[in-house]
Amino acid sequence: MELFESVLVALICVNLAYLAFTRLRTLARLTAVQGILLAWVPLLCAGPGDHGHALLLALAVLAIKGIGFPWLLARTLSRLEVNPVIEPYLGFNLSLVAGVAGLLFSLWLETRLPFPPGLFPPLLFPAALTSIFTGLTLVVARHKALTQVIGYLAAENGIFLLGTPLSGQGSVWLELSVLLDVFVAVFVMGIALHHISKTFESIDVGRFCSLRD
Amino acid sequence: MELFGVSLVLYLLGALGALCLTGREAANRVGPAGALAGSLVGLASVFSTPASAASLFVLPWGLPIGDLALGLDPASRLFLLPVYVLGAACAVSGAASLGGPHEEHCGQDRRGPHWFFFNVLLLGLSLVMAARDAVCFLVAWEIMSLAPFFLISLHDDEVEVREAAWIYLVAAHLGAVCLIAFFAAFWAATGVTGFDALAIAARQGQLPGASLLFFLALTGFGAKAGFVPFHVWLPEAHPAAPSHVSAMLSGAMISAGVYGLWRALELLGPAAPWWGWALLGLGLATALSGILQALAQGNIKRLLAYSSVENMGLACLGLGLGCIGRQTGNETMAALGLAGAVFHVLNHAAFKGLLFLCAGEVLHAVGSVRLAHLGGLGKRLPVVGACFTLGALGIAGLPPLSGFAGELVLALAILSGIDLPGLLPRVGMSGALAALAAVGGFALAAFAKAAGLAFLGEPRTPAAANAAPAGRLALAPLLFLAGCILAAAAFAPMLLSLAGQAALAFPGLDPAPARAALAQAADILQSAGLVCLGIVALTLAVLFLRSRLLTAHGVRREGTWGCGYTAPSSRIQYGAGSFVEPTAKILRLPMGLSRRLDMDAGYFPARGTLTVTSPDQLKLRFFTPLFEVVARTCDALKVVQHGRVHLYILYVLATVVLLLAWKL
Amino acid sequence: MNTLAQLLAAFVLAPLLSGIINRVKARIGGRAGRPILQTYYDLAKLVRKGAVISRTTSWVFATGPAVSLAATAAALLLLPGPGGPAAIGFSGDFMLMAYCLGLSRLGLILAALDTGSSFEGMGASREAAFAALAEPVLFLCFLCLATDTSGLSLSAMLGTGTDGAMAPQRLFVPAILFVLLLTENSRIPVDDPNTHLELTMIHEVMVLDHSGPDMACIVYGASLKLWLFGALTTLSVLPVRQMPPLSAWGTFLGGMFAVAVAVGLVESGMARLRMERVPRLLGAAGALAALSLVLMVWR
Chain S
1 MELFESVLVA
11 LICVNLAYLA
21 FTRLRTLARL
31 TAVQGILLAW
41 VPLLCAGPGD
51 HGHALLLALA
61 VLAIKGIGFP
71 WLLARTLSRL
81 EVNPVIEPYL
91 GFNLSLVAGV
101 AGLLFSLWLE
111 TRLPFPPGLF
121 PPLLFPAALT
131 SIFTGLTLVV
141 ARHKALTQVI
151 GYLAAENGIF
161 LLGTPLSGQG
171 SVWLELSVLL
181 DVFVAVFVMG
191 IALHHISKTF
201 ESIDVGRFCS
211 LRD
Chain Y
214 MELFGVSLVL
224 YLLGALGALC
234 LTGREAANRV
244 GPAGALAGSL
254 VGLASVFSTP
264 ASAASLFVLP
274 WGLPIGDLAL
284 GLDPASRLFL
294 LPVYVLGAAC
304 AVSGAASLGG
314 PHEEHCGQDR
324 RGPHWFFFNV
334 LLLGLSLVMA
344 ARDAVCFLVA
354 WEIMSLAPFF
364 LISLHDDEVE
374 VREAAWIYLV
384 AAHLGAVCLI
394 AFFAAFWAAT
404 GVTGFDALAI
414 AARQGQLPGA
424 SLLFFLALTG
434 FGAKAGFVPF
444 HVWLPEAHPA
454 APSHVSAMLS
464 GAMISAGVYG
474 LWRALELLGP
484 AAPWWGWALL
494 GLGLATALSG
504 ILQALAQGNI
514 KRLLAYSSVE
524 NMGLACLGLG
534 LGCIGRQTGN
544 ETMAALGLAG
554 AVFHVLNHAA
564 FKGLLFLCAG
574 EVLHAVGSVR
584 LAHLGGLGKR
594 LPVVGACFTL
604 GALGIAGLPP
614 LSGFAGELVL
624 ALAILSGIDL
634 PGLLPRVGMS
644 GALAALAAVG
654 GFALAAFAKA
664 AGLAFLGEPR
674 TPAAANAAPA
684 GRLALAPLLF
694 LAGCILAAAA
704 FAPMLLSLAG
714 QAALAFPGLD
724 PAPARAALAQ
734 AADILQSAGL
744 VCLGIVALTL
754 AVLFLRSRLL
764 TAHGVRREGT
774 WGCGYTAPSS
784 RIQYGAGSFV
794 EPTAKILRLP
804 MGLSRRLDMD
814 AGYFPARGTL
824 TVTSPDQLKL
834 RFFTPLFEVV
844 ARTCDALKVV
854 QHGRVHLYIL
864 YVLATVVLLL
874 AWKL
Chain C
878 MNTLAQLLAA
888 FVLAPLLSGI
898 INRVKARIGG
908 RAGRPILQTY
918 YDLAKLVRKG
928 AVISRTTSWV
938 FATGPAVSLA
948 ATAAALLLLP
958 GPGGPAAIGF
968 SGDFMLMAYC
978 LGLSRLGLIL
988 AALDTGSSFE
998 GMGASREAAF
1008 AALAEPVLFL
1018 CFLCLATDTS
1028 GLSLSAMLGT
1038 GTDGAMAPQR
1048 LFVPAILFVL
1058 LLTENSRIPV
1068 DDPNTHLELT
1078 MIHEVMVLDH
1088 SGPDMACIVY
1098 GASLKLWLFG
1108 ALTTLSVLPV
1118 RQMPPLSAWG
1128 TFLGGMFAVA
1138 VAVGLVESGM
1148 ARLRMERVPR
1158 LLGAAGALAA
1168 LSLVLMVWR
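Chains as they are written, first to last, in the working numbering: chain S, 1 to 213; chain Y, 214 to 877; chain C, 878 to 1176.
Hint data in this document are derived by calculation from the structure and do not stem from the laboratory.
Just to be clear, a hint being listed does not mean it is correct.
Unchecked claim - When the alpha-carbon atoms are kept at most 20 Å apart in a straight line, the in silico SDA-like pairs for lysine to any residue are as follows:
1) C:K922 with Y:R769
2) C:K926 with Y:V865
3) C:K922 with Y:T764
4) Y:K832 with Y:V383
5) C:K922 with Y:L763
6) Y:K798 with S:L59
7) C:K926 with Y:L762
8) C:K922 with Y:V749
9) Y:K798 with C:K922
10) Y:K798 with Y:R808
11) Y:K798 with S:Q148
12) Y:K798 with Y:T826
13) C:K922 with Y:L762
14) Y:K876 with Y:V858
15) C:K926 with Y:V768
16) Y:K798 with C:R908
17) Y:K832 with Y:R820
18) Y:K798 with S:L90
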């Protein structure tokens, strides 16, 4: 369990790092780190008789979240001519403060929600919720569409983390979650970014004004 | 108690004497003499009785409610200490600065009325600290609030002074309205006005809506003490007032706000949990906002005024810790928090009084307190410079002075709360300690700026280069206060025990663990004192060694190294705006700095102007528009006041008809 | 006896650390480098020199370095070591240590402002700003240590090692203390101790006008401060108090050597951060400290 907690603490650190770094390439590499850490989670969370299934799942997660998405992101970055530095709506120190506040909120929320005892290992729920909050902060507080995609990925990883205790009970939650990730990859990144870059010559969401009249 | 009465009588005599002798030089002697005598007698009364004694004196006065109930208990005596010490020092300093034939304003000699109101202020302050009845308290509060209006407007031929006095009056009375509401609600619920009776009634639970009463007390006393967001009058009033008045206001009068909050907490009985946390949060917000805005100022007196806001925030933090400790049963936190609050108020009075009096000497010598006009004054005014540095060292909370002891006590109170049950209280306490550290760091920066830019370096203007040294009478109060500060540094554990007496008298505290916690804190202060002694001893040893080495090897005097730049001037030294530029890059919004750069367009512009100002953002964006709306509404209502007599008679007739119809 | 040995070790061995750092930097740069004992030679040389004092200055300039050295030395009285607890210790003494360092900083800032030079004013303003930002981070680290070891004095907090497994949040504290070492002792990436150019001026430029015995005070005070922060970093991770005395001393000195080598490696491997990035570095360190504290408090 010590190793599991260390992995969860490392995940929380990766979330804080999302908010602190300024270059798109570093953010893309952070998604790889988060994917690799998440690949450990099904292995450490597995029940006693479930090792084969857990190993398969871990390999799938590694392939998709640890290697697939980061590679796609890096390829998109090199194809689009994007200013490598992110321009934030919310300053970096303030984002970090927001991240720590989100962690505090998640810790407090864990004591208030009525879980059945033993459902979540300690620190799993706060780590997952922090990932979701961090992802949403990235979506809200940064200019570029690519950062918003990364934020969505981070939030999605958080939801994945929330579902891991269910993995050993025969539900197909994790498999469905991984399928959703593949859907994200195809739909959001491939099509949308391609269209945005063709139509608008820029991926700065501040310049999207067709949503208002 | 008798000596206390004698001091009140002496204040009255001084006031009346000054008023009678208006227009003559003697007014400038009788007024301060009365204030000085009254303060010394008051000091004797504070020190002659043991600290934990309480005495009461009641006299019915024929008004429908209330009596003249005066009493001295440990808290009153401790809060009276700054009043008396600063009263004596400021009286002498004011006599020195107002002395001489040049003090004529608008053709009249204002000194008589000025000293009248000064003595009335001291009288009001003494009565506020001693009042034991709600009506008596309110009357004394009003006396204490009204007198500074006349004191601030001594130089009212200047527009800023008139505006500042008006802002002070409005703020004081808005606070007083909340206090009247507070005591009126108390009286309506319980039917009595004496403090003891009110406390008993509150403990028996006869108070509906205790939280509303707490909020009223916090607003009313907070407006006087200068808690955010009601602090906006402080940075206007203190620079406009003469320095001895600013010292008195900053050192003694705003402590009356903290004293009032103390009494209100005593009266309200058992506290709801959120009260303590609200006080803690408000105190820290006030402290951080105050010191950041102090850092941004370019006028010494405004900087000192914002620093007073910061220190009152720390006192509020102490009160909050006391409440939280009392409510969670943590006697250590309660005792140390309350004692720390009182200790901090006492320290602040001494340091801030000294700083304001030094600023007054600077104003007298140079004619300006703006840092852009000063510089190098430490060589022209050596005593003033040394005293200012001592005061700055103390108020930044650095060892070996007692300001550090006060902050250490508050930190000990916070540390004893690290193992409170629950995640959020613990995180709150850790955040409070980190915020206290941040406040200390910024206070160091702000006072390094004030002391360094004003007294060190080269003079930036000819007026600073020709500053006239201060006279002996003006220096006497500075040396007196400096002596008090050094004594407090040497006897810090004793001062803590004294402050602890007030904490022990607070209702709801279990005396035995509280006493033990205070004793332990005094021991800790003694160990810290050993280290401070070590610092002093080591400094002296190193200085001695240095002087021996330099006499052996020789010293040469040259100009400051200029890195090859051949045309240095005193204006290229770092100034008020540039000193805080690194901090302003990160924290411009909380500091309230606004900068405007006007430069000719294109490359190599010929002209450029950079303006860095630090107006109070809260006043600029919230209070001024609010009062403008109120003024517009009142102007709109003037339509009723048209001057036609027959319509006025119509108003009277309509009112009579309405009343008849309603009652019958 | 042990306490005396700790103090003696601090006072005697402190200038060795900067020598080790410079040697590491030189070796990595392919040079032979200065002798490791160079700082001692520098101190001896400075003490034997006279002083050139600016005409603009007053008594503050003369007293500043003395106060600075005295305050740093007094802070060392509060530092525990491998031999045992500190000479003077009480609950909350970390606050006294931090404020003694603040006093030493104020002495240097006022001495810098006394010269009336804009270079020194620049250094003073930057030093004041970054120190004010670093202080809460230092307090958060101490709070982490206090929560982990349930002791409120430095002697109880340091030297006890990490109990249980090497939990990652516990390992952040030495890393954050190392970053604070780099900040407070003006090392890369916060300041460059080698140059006196405007770009790298925080601490080095504040002391431009000092010479002779004053400069000796400042150099020695800086060495003591480096020893102090190095000891804090080492003692927060190595369990030297649970070892027998000889191996405790060996581990402690080995740890100090490792810290010096690490500083040298960081200085050789990184460039100085732009001045506006330094608050971000401190903010990240503070966020990490807050994270560790929240996780430790949550247990």
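Results of checking the hints against the structure:
1. For the proposed pair C:K922 and Y:R769, the alpha carbon gap of about 18 Å is at most 20 Å, so the pair holds.
2. Pair hint C:K926 plus Y:V865 does not hold up; C-alpha atoms about 95 Å apart against a cutoff of 20 Å.
3. For a cut-off of 20 Å, the pair hint linking C:K922 to Y:T764 stands: about 16 Å separates their Cα positions.
4. Between Y:K832 and Y:V383 the CA atoms are separated by roughly 13 Å; this keeps the pair inside 20 Å, and the hint holds.
5. At roughly 14 Å between alpha-carbon atoms, C:K922 and Y:L763 fall within 20 Å of each other, so this suggested pair holds.
6. Distance restraint check for Y:K798 and S:L59: the Cα-Cα separation of roughly 47 Å exceeds the 20 Å cut-off, and the hinted pair is therefore not satisfied.
7. The suggested pairing of C:K926 with Y:L762 holds, with an alpha-carbon distance near 8 Å, which does not exceed 20 Å.
8. Annotation: proposed proximity of C:K922 to Y:V749 is violated, straight-line Cα distance about 27 Å (limit 20 Å).
9. Note on Y:K798 and C:K922: the hinted pairing is violated, with a Cα-Cα distance of about 41 Å set against a maximum of 20 Å.
10. Taken as a hint, the Y:K798 and Y:R808 pair is honoured in the structure, with Cα atoms around 11 Å apart against an allowance of 20 Å.
11. Between Y:K798 and S:Q148, the direct Cα distance comes to roughly 28 Å. Violation of the 20 Å bound is thereby established for this hinted pair.
12. With a CA separation close to 14 Å, the supplied pair Y:K798 and Y:T826 stays within the 20 Å bound.
13. Restraint check: the Cα-Cα separation between C:K922 and Y:L762 comes to about 12 Å, which is no more than 20 Å; the hinted pair holds.
14. Between Y:K876 and Y:V858, the direct Cα distance comes to roughly 27 Å. Violation of the 20 Å bound is thereby established for this hinted pair.
15. Taking the CA atoms of C:K926 and Y:V768, the gap is near 9 Å; set against the 20 Å cutoff, the hint holds.
16. Between Y:K798 and C:R908 the alpha-carbon distance is near 39 Å, which puts this suggested pair outside the 20 Å criterion.
17. Our distance criterion of 20 Å between C-alpha atoms is broken by Y:K832 and Y:R820, whose separation comes to about 33 Å.
18. Distance hint between Y:K798 and S:L90 is fulfilled; the C-alpha atoms sit about 15 Å from each other, no more than 20 Å.
The structure fails to meet hints 2, 6, 8, 9, 11, 14, 16, 17 from the earlier list, while all remaining hints are met.
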